[in-house]
Structure formats: structure tokens, C-alpha cells
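**Q** Sequence:
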Amino acid sequence: MLIAFIHNSIYYNCKKYNEALNRHLPEGRNINHSQSIINNSHEKGSQYNTDNRPRTTSNTYPDLRGIISPTTVGIAATGKALEDAGKSGKIELTGLGLPSEMKQYIKNGTCRQMSLWNPIDLGYSSTYIAYKLLQGEFQGKEGEVMKVGRMGEIKIGPDNVAVMSEPFIFEKDNIDKFAEIY
Numbered sequence: 001m002l003i004a005f006i007h008n009s010i011y012y013n014c015k016k017y018n019e020a021l022n023r024h025l026p027e028g029r030n031i032n033h034s035q036s037i038i039n040n041s042h043e044k045g046s047q048y049n050t051d052n053r054p055r056t057t058s059n060t061y062p063d064l065r066g067i068i069s070p071t072t073v074g075i076a077a078t079g080k081a082l083e084d085a086g087k088s089g090k091i092e093l094t095g096l097g098l099p100s101e102m103k104q105y106i107k108n109g110t111c112r113q114m115s116l117w118n119p120i121d122l123g124y125s126s127t128y129i130a131y132k133l134l135q136g137e138f139q140g141k142e143g144e145v146m147k148v149g150r151m152g153e154i155k156i157g158p159d160n161v162a163v164m165s166e167p168f169i170f171e172k173d174n175i176d177k178f179a180e181i182y
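Numbering (the UniProt record's numbering), first residue to last: 1 to 182.
Incorrect hints may have been included.
Unchecked claim - Pair ranges (Cβ atoms, derived):
1) Ser88 - Asp176: 17 to 23 Å
2) Lys147 - Lys16: 22 to 28 Å
3) Gly143 - Phe168: 43 to 49 Å
4) Pro158 - Gln135: 22 to 28 Å
5) Ala85 - Phe168: 36 to 42 Å
6) Glu180 - Leu134: 31 to 37 Å
7) Asp176 - Asp121: 18 to 24 Å
8) Gln139 - Asp84: 47 to 53 Å
9) Asp84 - Lys141: 37 to 43 Å
10) Gly86 - Asp159: 26 to 32 Å
11) Gly123 - Gly143: 34 to 40 Å
12) Arg23 - Gly109: 27 to 33 Å
13) Lys16 - Leu134: 36 to 42 Å
14) Glu180 - Pro62: 22 to 28 Å
Just so you know, these hints were derived from the structure itself, not from any lab. Cβ atoms here follow ideal geometry from the backbone N, Cα and C, with glycine treated the same way.
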């Protein structure tokens, strides 16, 4: 079984997702990472690339069974491309997306589930951390633990990355509710 990872080459987190995917693919499960498909949606004329890459990939790899897109632009464009190509439900699609943009694809089975962090919690945590950094109460060094109000404790990991909370999972049962929010 083949899977593809569609991402933007300039974002640090996308590069890290790709590295983790390659490290954690289950051995002996007949799953292969076909390729990383670079989708530089920030560049001029990118909508063609955003819409075309998933379609081209699914034609190039007839055994493709899954696409992971960790960007809101990418997952919505991939949903449209799969739907337009008549491949809804035939190729699994997941990643990070906005419920309002992905509602139709969740409801029609093009994407069974996706996730995204809670923007309210993310904004709260980011503001809290920035304030504490400016006050000199927090250095942001690897291994440092900080109490972040209602979010609890956050530990700084390698490369000064802090995971603030688990993402929301969106699927048919809850997509309508969240699509009204964001």
C-alpha cells in the first residue's frame, strides 16, 4: 500500500512531520511512503499546483491508498481534487484542516476524519508564554517546564518546541458543530 505526504517545503513543522512519517511507518505491514509532494502554496500561481498535485499523484501511483496533508490549504485542495477525480472514499485523506472548509468532504466520505488544534487554546498559550518570556520568568530552554494558566504545564522539547494540547478530531458526528465556529 502506498501513501503520499503533501506539504509545503518552507515550513519547519512540515519537514518534521515528513521525517517522523518515514521513521514510524510500520515495518512488515506492506506500507510504503511513495513520496513527499512539495506543495509551495505560498508561491504565485500556487492554486494550480495545490489542486493538480493530488490528482497527478493519484494517477502516477495507481496503488495509492492514502494522502496526508498537514496544511489547511493542502487538505481542502486535496479533498477537491479527489472528489473531482471520482476518488472519494477510494483514497484515504487526512491531515490538518479547518472544519468550515472541509465539511463537505467529511460529510461525503472524501475525508473520514482530520484534526486541528484548538485556536482558542493555542492563542491563549502563545500569549501567556510570550508574556512570561518578556517578564523574564521563563527562558524557553529545552527541558524547562512552565505553568500556563488553565492549560496546565508545558514542557519545552528539542528544538525549543512546546506541545500545548491534543488536537481536536473532526468527523461526521461533530463536523457541523465545529464548522460554525471555524
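**Q** Failing hints, ascending?
**A** 3, 5, 9, 10, 11, 13 and 14
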